[in-house]
Structures are given as C-alpha cells and as structure tokens.
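Heads up: the sequence lines are chains S and R, in that order.
Going by this note's numbering, the first sequence opens with residue 1, and the numbers climb by one from there.
Going by this note's numbering, the second sequence opens with residue 1001, and the numbers climb by one from there.
Treat the hints as calculated values from the structure; they're not laboratory data.
Not one of these hints is a red herring.
Facing chain S, a subset of chain R residues (Cβ under 8 Å, in silico): (1) 1123; (2) 1127; (3) 1135; (4) 1218; (5) 1234; (6) 1245; (7) 1248; (8) 1256; (9) 1259.
Selected chain R positions facing chain S (in silico; Cβ < 7 Å): (10) 1122; (11) 1124; (12) 1130; (13) 1211; (14) 1214; (15) 1219; (16) 1252.
For every residue, glycine included, the Cβ atom is placed at its ideal position computed from N, Cα and C.
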Amino acid sequence: MTLYLLRRAALLVVSLFAASVLIFLVLRLLPGDVAQTIGGIKATPAQVAAVREDLGLDRPLVAQYGSWIGGVVTGDFGRSVLDGTSVSGQLAEKFAVTGPLTLGAVVLALAFAVPLGVFAAVRRDSWLGGAVNTLGQFGIALPALWVGLLLVLVFAVQVRWLPAQGFPVDGWAEPGQALRSLVLPWLTLALSEGAVLLRFVRSAVLDVLHQDWLRTARAKGRTRTGALLSHGLRNAAVPVVSVLGLQIAALIAGAVVVEQVFVLPGVGQMLITDVGNRDLDKVQSEILLLTGAVLVIGFLVDLVHRLIDPRLRSAV
Amino acid sequence: MSVPLALRALLRSRNGLVGCVLVGVLVLSALVSLVWTPYDPTLVRPQDGWLLPFSGGHLLGTDRLGRDELSQLLTGARSTLRTALLAAAVAAVVGLALALTAVLLPRWPGAAVVQLTDVLIAFPVLLIAMILTAVHGGSTWTVITAIGVGAGVNLARVARAEAARVLDTDYVLAAHAAGSGTWRTVRKHLLPNIAPTLIVQLSLVLSVAVLAEAALSFLGFGTPAPAVSWGRMLYEQQAYIAARPLLVIWPGIAVAASVLGFNLLGDGLREATDARLRVREVTPV
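Excised from the complex, chain R in its bound form (with noise of 0.2 Å):
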C-alpha cells in the first residue's frame, strides 16, 4: 500500500486520528521548545517561588525554587521525546538482529538466539537499567540503552514469529529458486513484508518507553540534575503535593496523554495497514 493512503487509511479510524493528534502535540512542543520557551526552565528564582497560575507571568506558576511550570513541560516534552525515539532505534536495531539471526542461522545455533532472547526478556527494563547504573551511573544513555534493550528483546519475539511466516511463504521459495542469494531475499522479499508489523510494533515500543522514562527519572537512574525530565519534576514535587496539587497533575498529564498517543497510533496503524481493511480500500467494486 502506498504511504498517502496508508496516512488516509490511518486518519480515517477514530484511534488513529486521535493517537496523531496526541503525538503531534507532543512533537510540536519538543519542537517549540527548541527555539522558544517562557523562561529558562532551569532558571532558579527563589524569591518567585509558589507562584499560582496565571500570576507573575507564569502561565502554570513555579515550583519552589522558582522555575517556571510550562516552560520545564515543553523542555520535557523534548528530552522525553529524545529519549523515546532513540530507544526505539536501539530496539529496532537489537529486535531484527536477534530475529533474523534465529531465522537465518542453521538448526542449532538459531534455536541457541531463540533461547537467549526468551532469557533476556526475564529482564525487566527496570532492572537492565539498575545494573547499568550500579556500574556507571544514571545518564540517558544509561536510560536508553536500558529501554531499547528491554524493548528490543520483546520486539525480536514478535519480529522472528513473523519473518519465520514471510520465509515459509510460496514467493520466497520461488524467488530462492529464481537463484535469489539470502541477503538479496532478507532485502527484497523479508523485510518489505515485516515492515508493517515492525512500525506497530515501534509505535508500541515508543509507548513504552516514554512510560520507562517517566519512572526511570522518577527513580533518579535518568540525566542528573539540572537537566529537566517529566519524571523528575514528578520526583521534586511529590513532597509538596498537599501544598501544590497541580504541579504533581502536569507532569503525569503530559505522561498519559504520549503514551495513550502512541499506543493509540499504533491501533490505528494495525487498522490501517491490515491486508482486509487494505482490500476494501483499493478496490472500489
């Protein structure tokens, strides 16, 4: 299917048109956030601390060391992003080289990837990123690195069950009969056919992630202070929440409404890039 009508098919279903909206705010504030924000959201004014919405020229208000509200939303919104994105490339990257390893490999060193990734995936994202950081430290690489694999690992299962499908099919065959080498076939014939089930699978991992990020800051394994994350303003104000209710509510709201954004594009994507609503689509007998 074409990509124009792949976006027409997507943003006719309901979810898919609400996943794009979410995820095009969030891509729109980390973009904004790049040229402009209120204030410094690391600027640190205590004599401007407390401030009450609308008051002071803080949209949001201040926490209690003075830093604007809206403008650490819109800076999170692009480590939180950044971060997202990034991961999702690791597990890309880890999920199609344990799939196709344990397609491609002969009998027994295949069956030797398959098991290793069922081992892998006991690791929770979670602790992958405890062990990173019990030697190094929390950083976002540590973040990252911990999210793409944990995902990575995940994605590899779902990816080796569908190569394993394209690899059975009649046209592969017939192409390896054609005198098709393994390469040309992984090129030509295996990854175009995965590649749907892939970009859902991504869009879920982009979920995921911006979940794993949120508590992974809140934990303190993320970017150390002063660097700003969605997660660590959660971390900052939870000790002032009978003071500053609203400051706890921000933060968790832009939480929930990316990942719902991308769980939700990518329910749109399966509807849009499922082979029967595909049909229906193109011919209009």
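In isolation and in its complexed conformation, chain S is listed as follows (with noise of 0.2 Å):
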C-alpha cells in the first residue's frame, strides 16, 4: 500500500506540474495580446509596451512561469491585472458559497442516486423498476440549468417557498438565509448529477447481482436482501466510487452553470466575470486551482477505490 501511496502521490504531482504548464502556455501563445486589451484600442505602440512591462509580459516565459508558479506553491495567486486586487484574499469568500453547494449536492445525490439505482437494479422486472430507470434516462438528457430555471418557477414564482436567487450579503452570519438560498441550487445540482449516479449504481448492482458468491450466499440461507446487503452493496461500491470520481469534473462545471444561474457570488461567477474582463492573470491561477482540485479529488477517489476493493486490497 505504501509503494502504490508513493507511486500515485508522484504521479499527482507531475499531473498538477503538466495542468499548469498547458494552462500557463494556452493562455500565452494563442494570438490575442492582453497588454493591448488593457490599454484599449486607442493605446499607443508604447503605451502598449509600457503595459506589457508593468505587467512583467516582457519577460522570458520560463521566468513567468517560475514566478506565477512560485506563488502558487507558497499560497500567492496572483493579482488581478484590472484592479490589483489579490485573488488569494477573494478566494477564502467565494469557496465559502461554492464548497457547501458542491459538498451538498454531492451528498444529496448520493442520498437519493443509491437507494434508487439499487431498487432499480432488484426490481428491474418490475413495472415500479423500470420507471425509476426511465426517470433516471430522462433525468440526464435535461440540462442544469433548464432544471433551475423550472425549480425557480415552481418554488420561488409559484409557491414562494425560496428566493429565486442571489446569496445573503452577509454571508453565513445569517446561516438561515444562507441556507434557504442554497436549497434551489443544491437541489438542481444534485438531480442533474444523482441522474448520472443513479445509472451507474444500476448497472452496478445489476452486475452483482449476477455474481456466483452472491449465490452461494444466499445458498446458505441468508435472504436475497440479507445476501445483498452483507456482500452485494460493498462489491457494488467500488465502481460507483470510481464514477463519482470521474463525476467531480462535471460537478465542479455544473456548479459554474448553476451559481449563474441563482446568482450566487461563488468561484464559478468570479471567474465568468474574469473571463469576461479578460483579467488573464486571475483566470490562470483560478482554473489551475479547479483542475488542481480535480486531480486532487481523483487522487483520493483512487486511494479509496484501493481501499475499499477487497480484490486490489489483497494484491498489495
């Protein structure tokens, strides 16, 4: 376990040195001058270049990279390019929106995904069965933020239960506001990722359910509920693991959707606004720092998927 630990912490390593590098190069060598965005159309030819010095543009790309790079390591992430604002200072209260959202959707898609791909997958013959997966097929083909859109008719237009958007000024020091603004968006996150979740559980259990050792358990006369709970689930698991793994990307671009969506002042609005301002330096350190966090999840997706995989457990 320690080798295979060493191994995949290395191989994290060189993915997150490979992410910023291609992050870093895309944002410089495709055509597009940022120095002559920010002085406008007029700037003159050395207004420009004045630019491009404040902004250290003039430099090697080797040296810029170091320094942004260096930054990053030690917690620095720059500054914005339009305002000189720093980004590490908005990040702490951006992540305080964006984290609880995707923290809770992912929980609560888990909460329903589970229990209905597995009764989806024992009652497949059933009529109930087969409705819970067409709603499951359904459930993937609509998009977020259509699903938003249709939560706010019905909750904020029609009923009035929740606001349809936005995020109290004050934050989490009115915890009820807070929460009562989130409920929309956790729940238009989780239906569109549950729905994904759910099929996997499915074919999962399905997949189990086939298994000679669950028979012979069951052979030895433990019922079909009983078999399925004690040895089923935890064979059923480790795909499912691996999934919500490979789900983390689309949860993190799915929150983006959905914070535009309800106005919610998270990561994924700070950087729409960037990209729109075309404030580079902030973009560059804002999506390294989303990929980062994908690599970073998948890294412990992976250690957990080893950990709970009683094949893979006994290989080490």
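Put the two chains together into one complex; each comes in its own frame, and the hints tell you how they fit.
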C-alpha cells in the first residue's frame, strides 16, 4: 500500500505540473494580446509596451511561469491585472459559497441515487423499477440550467417558498437565509449529477446480482436482501466510487452554471466575470485551482477505491 | 454486419427507434429552417412583443422584442446540430489521434501520451471554453473547439482500450506475420474493428455536445447576438420567467429531447452492434 501511495502521489504531482504548464502555455501562446486589451484600442504602441513591461509580459516565458507557480506553491495566486486585488483574498470568500454548494449537492445526489439505483436493479422486472430507470434516463438528458429555471418557476414564482436567486450580503452570518438560498441550487445540481449516478449504481448492482458468490451466500441461507446488504453493496460500491471520481469534473462545471442561474457569488461566478474582463492572470490561477481540485479529488478517490476493493487490497 | 442489417436491428430495439425519431425531428427542424421559418428569427418588432401563443399569426407567441418563438426554435435546431456535428468531428480526430499514438508508439512515448490524456481529462469542457474565451472572446468556434477537445480526450480513453484489445488478437498477429505493415494493419484491421465502439461513443459525444452548447451559450461563451441558439434563448428569458414561463419551457424541451435522442440512439446502436445479438440476427437456425 505504501508503495502504491508513493507512486500515485508522484503521479499527482506530475499531473498538477503538466496541467499548470498547459494552462500557462495556452493562455500565452494563443493569439490575442493582453496588454493591448488593457490599454484599449486607442493605446499607442508605447503605452502597450509600458503595460507589457508593468505586467512582466516582456520577460522570458520560463521566468514568467516560474514567478507564477512559485507564488501558487506558497499560497499567493497573483493579483488582478485590472484592479490589483489579490486573488487569494477573494478566494476564501467565494469558496464559502462554492464549497457548501458542491459538497451538499454530492451528499444529496448520493442520498437519492444509491437507494433508487439499488431499487431499479433489484426490481428490474417490475414496472416501478423500469419507471425509475426511465426517470434516470430522462434526468441525464435535462440541462442543469433548465432544471434550475423550472425549480425557480415552481418554488420561487408559484408557491414563493424560496428565494429565486442571490445570497445574503453578510454570507453565513445569517445561516438561515444562506441555507434558504442554497436549497434550489442544491436540488438542481443534485438532480443532474444524481441521474448519472443512478444509472451507474443500477448497472453495478445488476452486475453483482449475477455473481456466483451471491448465489453461494443465498444457498447458505441468507435472504436475498440480507445477502445483498452484507456482500452485494460493498462490491457494487467499487465501480460507483470510481464513477464518482470521474463525475467531479462534471460537478465543478455544473456548479459554475448553477451559480450563474441562481446568481450566487461563488468561484464560478468570479471566473465568468474575470473571463469577461479578460483578466488573464486571475483566470490562469482560478483555472489551475479548479483543475487541481479535480486532480486531487481523483487521487483521493483512487485511494478509497484501493481501500474498499477486496481484490485490490489482497493483491497488495 | 452490413449496414441495412444494422439499421434493421437498430429500429427493432425500442431505444433505437425512439432515438431515431427524436434525432430525426432535430435534423428535420434544422433542414426546414434552412429554407423556411414562419418569420425572420432575428426580426425585432417591439410593437409585437409578448404575444401569447396562437395570436397575431405566431404559433408559439413572441418574446419581449417581438421575435417569433417558433422561428427561433427552428433556427436554434440548426445551430445546435451544426455545433454538435462539428464538435463530434473534432472529438473523433483528437480521440483517434491520441488513442492510436498511445498504442502504436514504443513503450515510454506511448505511456506519456496516456498520461497527457489523463491530465487533459481533468479539464472540463467548460474550463477549456473559458480559457479560449478569455483569450479570443466567445464564438461558435470557441464552443466547437472546447467541446471537441473535451469530449475527444474522453473518447481517446475508450478508443485506446479498444485498440489495445484489437492489437492483441490473433488476426493482427497473423497479419503481421504475413508481412502487413503498421499502416496497413491500422487501416485493414484496427479501424474497422474499433469502428462500432467509436460510432456508439460518437453518438454519446453528440448528446454531450448538445448539452454543453446550451450551457456555453447560456453563459455567453457562444456566438454573440443576434445569432440564435437555444442556450441564449434560455438566458434572455430567464429574467422574465414569471411573466412568460412558456418561453423558458420550449427551448429547454428542445435541448432535452435532442440530448435524449442521441443518448437513446447510442444505446440502440450498442444493442444493434453487440456481437451476441448479431449472431441471433444472422443465423436463423
């Protein structure tokens, strides 16, 4: 296990490095001039050169990359090119929205996808099991942003139970208000991610139901439910955990969309604003942060995968 | 399996049939919009704004600016289909290139390509689109490239596994022994044998592309106005959802039906090209 851990951690570091180089190079080498954008269309070549020197864009690429990544490693994600505010300072505030949003959505998605997926597999021949499966199929096809708009239509416009958009200005200082504004975003994100999970849980459990060892457990006198609970779910969890890891990227992208639909001041909305402003230094750090999150969570999921898979564990 | 036989097997499965119908409606709408729409979809007539369905000669009504909803939906089908098809083409090229270099290159360079693919998978389509938009501004090409590359790296993973399986078979070994060169083997044996898997995957790429196109134009990374797209329609109507909920419902249904169509088509194709089903199909013993 230690050897595996070391190798996997080394791979993570290499991947993070490769991702940072990719982001840096793509933003630098694609045509388009930041200095020109900041200077404006009417800027003289001398003014553009001054802006370029001010931003350090005239230095060699390696030096630019070095000072950026050196900052990132020590927790300094750079400054806004436009107004000079520090990215690190804003991140904590934005993450206080995006963190609870994504985490809550994952918990909620699991809470309905796992029981429904198991049900759809065990009762696959009944009409109810088929109906759950069909619902999952529909759920995957629904665009998250549209689900969000429909939820607003029902719960904010028709019955007026919950706010349609926004987040309290004081943030979590008003926990009740903050929670109320997150309910619809949670539901939106959980429904679109949960539908995908449901399909995978169903097929994982279907797979387990046909295994010889489950028949053996039943031959030894366990009931179908008992055998499934004590042996089946543990084994079905293995592929579901790896799918969960692959879904993280989709979840983060979903959070960006959901924050935009519900006007939540999170990391996603900050990123969209910065992309609109062409604030490249900020965009570069924020994208590295989100990609880094995907890679790190993928690493953790791989470890969990290793721990819960009885076959892999005994192989170590 | 011959193409007509595959088509028959596809239409025989319920998934395949429903998928074909939904995709057919999308394609038909796109084709119709090429030659005819009830009104010019970008024609602004504020005096005709907020018309209800079945009034003033507008079947589905008009939006705030008096643009005909049905005309916008039909034109949106065309831009959705065009973006999805071009993105799938980019994905196929990116996916095949990464998969083939991974399996054909010697051990270390091949492993490097595999690692590169794994790092690229960590970039969601949305983030790729944001990087491109930050430099270039939003456009149809930003969307197509982002979806194509994002879906392409995922396709590469599936194609690589399938290509490695085919390269390991006895018939490839036999071809090699008979003096077949690398490119000949790829053309004659590898590509035809991974084609069924690729076609199923490309159908799923199309469904991902439709969803992503809607999300990206909703966020404003797509073609700037006045170009029509379903995602932009949703964005423009969001503020008026309480007043005219139907104008938000229609584009959403259009996106969902298209995504469902491509998903079911993919499922149907998988069932139709499955070797076990094929045997039952060909030998009426």
